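Visitor: Sequence:
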Amino acid sequence: MAYNRRNYLITVLEIQEVYLKHRDNHTQKWIYENLIYPNWRISQRTLTNYLSINARKELKELDAELVKV
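Under the numbering used here, the first residue of the sequence shown is numbered 781, with each subsequent residue one higher.
It is worth saying that the hints were derived from the structure and are not from the lab.
Heads up, a few of these hints could be off.
[To be verified] Below, a list of computed lysine-lysine pairs in the DSS-like style, where the Cα atoms sit at most 30 angstroms apart: (1) Lys809 - Lys837; (2) Lys837 - Lys801; (3) Lys801 - Lys840.
[As the list claims (entries may be wrong)] Derived Cβ-Cβ restraints for the label pairs, each shown as a range: (4) Val798 - Asp843: 27 to 35 angstroms; (5) Glu797 - Leu846: 17 to 25 angstroms; (6) Asn805 - Glu845: 20 to 28 angstroms.
Since we're looking at a predicted model, the values are computed, not measured.
Using N, Cα and C, we set each Cβ at its ideal position, and we do this for glycine too.
Start from the sequences, fold in the hints, and give me the full structure.
Guide: Right, here's the structure in full:
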């Protein structure tokens, strides 16, 4: 399970980085239509959900848990 969650969080983090890089110059709709959707094929609702996840923190917690095991 941790392996799948880790890949999910890495994908979320990649999408968040693209969004944060371009959010000052463009609208969320433009970023979604021109950068996110062509690469990841996710819906706008999924993008909104991904932006609300603290992926960096969850990845650190997951890595710390894996080190313990």
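Visitor: If a hint holds in the structure, say so; if it doesn't, say that too.
Guide: Evaluated hints:
Between lysine 809 and lysine 837 the CA atoms are separated by roughly 26 angstroms; this keeps the pair inside 30 angstroms, and the hint holds. Taking the CA atoms of lysine 837 and lysine 801, the gap is near 19 angstroms; set against the 30 angstroms cutoff, the hint holds. The suggested pairing of lysine 801 with lysine 840 holds, with an alpha-carbon distance near 22 angstroms, which does not exceed 30 angstroms. Distance hint check: the CB atoms of valine 798 and aspartate 843 are about 22 angstroms apart, inconsistent with the given range 27 to 35 angstroms.
Range check, glutamate 797 to leucine 846: Cβ separation about 23 angstroms, and the 17 to 25 angstroms hint holds. In this structure the hint that asparagine 805 and glutamate 845 lie 20 to 28 angstroms apart at CB is violated, the actual value being about 38 angstroms.
Consistency note: the structure conflicts with the earlier hints numbered 4 and 6.
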